[in-house]
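*Asks:* All chains should be modelled from the sequences, with the hints used to inform the complete structure.
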Amino acid sequence: MKKKLFSLLLTALLSMAVLSGCGSDGTGESSESNPSKESVESTQASTGTEVVEKTMYGGKVVVGIQQDIDSLDPHKATAAGTKEILFNIFEGLVKTDKNGDLMNAIASDYSVSEDGLVYTFTLREGVKFHNGNVVTAEDVKYSLDRVSGLLDGTPLISALSVITNVEIIDTKTVQVTVGSANTELIYSFAAAIIPAGSGEDENASPIGTGPFSYVSYTPQVGIVVKKNAEYWQEGLPYLDEVNFKIVNSAETALMELQGETIQIYAYLTDSQAEVLKDKFQILAAPSANVQALFLNNADPLLSDVRVRQAICYAMDKDTANLFVSGGNSVLISSAMLPALTSYYADLNDAYGTGAEVEKAKALLKEAGYPNGIDLEITVPSNYEFHMQTADVLVEQFKAAGINAKINPVEWNTWLTDVYNGRKYQTTLCAITSDGTPGYLMNRFQSDSKKNFVNFASAKYDEVYKKAAAAMDPTEKANYYKELQKIMSDEAGTAFIMVPPITVAVSPKLGGYTFYPIYVQDMSTIYYK
Amino acid sequence: MKKSSIWKNKYLLIGLFMTGLCLLLGILGLFWTPYEPTKISAAERFVGPSLKHLFGTDNFGRDIFSRVMKGLSATIVIGTSVVLFSATMGILLGALTGYFGGIVDEIVMRITDALNGFPSILLALVLISIFGNGKQNVILALGLVFIPSYVRIVRSEFIRLRDADFIKRARLMGVSKVRILFVHILPNIFSVFWVSVMIGFNNAILAESGMSYLGIGVQPPDASLGKMLSDAQGYLQRAPWFALSSGLTIVWLVLGFALLSEGVQRMNNN
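Top line first, the protein sequences correspond to chains U and P.
Residue numbers for the first sequence follow my numbering, beginning at 5 and rising by one.
Residue numbers for the second sequence follow my numbering, beginning at 441 and rising by one.
The set of hints was computed from the structure by calculation and includes no laboratory data.
Any given hint might turn out to be false.
[As the list claims (entries may be wrong)] Think about it this way: if two alpha-carbon atoms lie no more than 27 angstroms apart in a straight line, the pair counts; the simulated DSSO-like pairs of lysine-lysine are:
1. K87(U) x K249(U)
2. K575(P) x K409(U)
3. K532(U) x K231(U)
4. K402(U) x K492(P)
5. K365(U) x K479(P)
6. K479(P) x K363(U)
7. K479(P) x K402(U)
8. K369(U) x K479(P)
9. K485(U) x K454(U)
[Claimed, not checked] Chain P stretches covered by chain U per the calculated footprint, using a threshold of three residues with CB under 8 angstroms from any CB of chain U:
10. 473-483
11. 674-681
[Stated by the list, open to error] Pulled from the structure, derived: some chain U residues nowhere near chain P, Cβ distances all over 10 angstroms:
12. K249
13. F327
14. N352
Each residue gets a CB set at the ideal place from its N, CA and C atoms; glycine is no exception.
*Replies:* Right, dumping it as structure tokens:
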């Protein structure tokens with residue numbers, strides 16, 4: 005009888021274990037973490053005694069990345085996760101620096117004609133490809149012809165398809181003519197320069213001018229790069245070798261970090277960061293993602309501006325930030341990234357960052373809904389961050405009489421139904437920027453293909469056209485600020501926050517640099 | 441059966457106590473919980489178990505005891521509905537195929553064989569992806585998945601009894617077939633049937649928790665034991681009571697029903 009009781013208990017416990025085993029998280033590694041934690045603490049103590057932090061060259065680093073690479077050809081790669089790695093191998097005439105400004109790379113200087121139609125680039129002396137050849141004007145012409153479609157008719161980078169002619173003036177000077185002026189076009193000249201005629205071979209053996217050169221790539225395993233000893237920037241890079249290792253889930257990443265088989269991992273959740281904080285340097289910076297409760301302006305209920313404003317008022321962004329990102333997000337009220345300081349208009353006062361329930365209720369009453377409204381929030385369920393935010397919002401909305409319901413959908417369903425099909429009421433997700441101020445403004449023009457919120461404002465369209473054409477930076481910035489104001493007045497969408505990127509870096513490493521675009525720069529990392 | 445032997449049947453007593461407590465909390469949870477189960481509070485995140493919050497609070501500062509109660513109600517409602525649906529279908533199909541046999545019997549049994557060929561959770565997942573999410577669809581999917589087990593048991597009992605003397609006699613007396621099936625045979629299979637209902641209820645609870653754990657089934661912000669367990673995973677070290685409270689509740693409920701079915705079986709054997 006006792007035996008039977010015991011076996012019953014065992015069965016019940018086992019079924020429990022099966023349930024919690026599905027996620028392969030937690031339990032397994034938590035028992036291991038204690039002894040290893042101690043050992044790290046002791047090493048930390050010993051490094052602490054060396055007061056002088058000296059910069060050292062050499063060494064290898066393993067970086068955990070989230071997904072496989074879609075192409076090693078820098079002109080054909082589209083996934084943000086691929087571009088963040090190729091940033092280390094390739095460079096353009098110019099490149100984005102850590103402040104989001106442009107710096108000269110392969111070009112040592114450039115000038116733009118008065119009318120904005122002719123760009124003249126002067127090439128830097130002695131920049132060498134990884135194969136040892138010096139970068140020539142022919143290479144630049146070939147690369148620009150290839151991305152703009154002048155080579156074979158298909159532009160590989162759509163922004164650069166406006167190029168009508170690339171002319172070699174002399175061995176060090178290239179002149180580019182474009183069809184229409186746009187002051188932000190210069191950012192697109194960060195497109196990689198590759199050796200003339202190498203286009204077809206790039207995917208198999210990528211050759212660029214970046215701080216690291218390609219060594220090997222194994223699908224589903226990762227990519228290895230080594231130091232480019234002849235890199236044009238003096239003193240960079242520090243490391244001899246970097247191994248980008250594909251880690252297929254966040255849970256695996258946590259285990260690999262704790263086992264120290266990877267030293268850098270960039271996409272931690274708040275709770276993972278909490279677990280790792282004793283063993284790793286946890287660094288955080290704003291990402292280039294704009295999270296919002298996107299409102300479908302074409303929905304019968306939400307076509308009323310007062311309802312949209314009521315939603316904006318009812319939202320308590322402070323609490324949402326605290327709950328889902330530990331208070332590390334930057335609260336926003338427009339689609340512009342706050343990191344782009346000269347273009348960003350701080351409109352957080354418009355609807356407040358806390359909940360203003362009375363105002364929301366009054367607006368709803370005015371709109372003819374004294375008893376509140378029903379709202380459906382569609383969320384791509386693979387994003388835990390958005391799911392949690394939605395949880396918090398639903399609760400906040402109750403106070404203002406908004407009865408919200410979460411509709412979790414798969415990522416593919418979200419793409420087809422919500423993003424492309426525009427069949428939704430509201431959706432909680434994020435859009436990502438390439439770092440140029442126009443990128444996230446462009447999509448809210450009424451006829452834009454990417455305008456999935458169906459925002460329609462003639463004034464917005466008009467001002468956007470002026471902004472794109474404006475040559476003077478101050479004037480342009482003012483137009484962008486006006487656009488944000490229009491969007492906010494119309495409550496086109498309820499913007500929430502720019503979540504941080506949280507990175508775990510081994511305590512032995514220094515020099516991790518954040519960029520306002522989605523890249524990981526390995527050239528500045530060194531062993532302390 | 442003598443009264444004293446019920447008190448000696450420890451399985452039955454412990455099982456009744458464990459399931460009774462859960463049922464009580466679950467039914468109470470339909471109407472009342474100590475705190476609003478979805479009420480978030482920034483000030484009370486990850487508060488450990490105390491008299492104020494019996495099971496502590498979760499990452500949103502929600503009272504876990506209230507959520508467990510709500511989760512129990514959801515689980516019990518789903519479990520009961522699933523068992524009602526699949527057991528009714530099981531009795532109907534099992535009775536007809538078992539008593540009459542023939543070609544219909546062959547077809548129904550081969551279909552149940554095919555259904556049994558799939559792991560039940562997997563089959564339920566397929567059905568959910570066809571029907572879509574939501575409580576009703578979970579009930580429907582699990583209900584369909586669990587029909588075969590009842591059909592088999594009921595059918596084998598009907599085959600055993602259809603040629604028994606008392607049935608033969610009833611047939612000779614011209615009793616209608618419906619009456620023979622449901623008045624003469626059915627009451628005689630209850631002892632076996634109850635046990636399979638208990639086990640079926642347990643399986644339904646585990647399947648529902650498993651599906652909620654995987655993110656289908658009961659949807660947030662509504663509480664569900666399985667979903668709570670998966671949410672708690674990220675906070676195992678920081679707030680162990682979060683995972684323990686939902687996990688142990690599932691263990692408690694499943695163990696209770698297992699003991700209860702064992703108890704019922706023993707009671708029948710005596």
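*Asks:* Determine for every hint whether it applies to the structure shown.
*Replies:* Status of each hint after checking the structure:
{"no.": "1", "hint": "K87(U) x K249(U)", "in the structure": "holds (15 angstroms)"}
{"no.": "2", "hint": "K575(P) x K409(U)", "in the structure": "holds (14 angstroms)"}
{"no.": "3", "hint": "K532(U) x K231(U)", "in the structure": "holds (18 angstroms)"}
{"no.": "4", "hint": "K402(U) x K492(P)", "in the structure": "holds (24 angstroms)"}
{"no.": "5", "hint": "K365(U) x K479(P)", "in the structure": "holds (20 angstroms)"}
{"no.": "6", "hint": "K479(P) x K363(U)", "in the structure": "holds (22 angstroms)"}
{"no.": "7", "hint": "K479(P) x K402(U)", "in the structure": "holds (10 angstroms)"}
{"no.": "8", "hint": "K369(U) x K479(P)", "in the structure": "holds (25 angstroms)"}
{"no.": "9", "hint": "K485(U) x K454(U)", "in the structure": "holds (21 angstroms)"}
{"no.": "10", "hint": "473-483", "in the structure": "holds (count 4)"}
{"no.": "11", "hint": "674-681", "in the structure": "holds (count 5)"}
{"no.": "12", "hint": "K249", "in the structure": "holds (23 angstroms)"}
{"no.": "13", "hint": "F327", "in the structure": "violated (6 angstroms)"}
{"no.": "14", "hint": "N352", "in the structure": "holds (19 angstroms)"}
Hint check: a violation occurs at hint 13 only; the rest are consistent with the structure.
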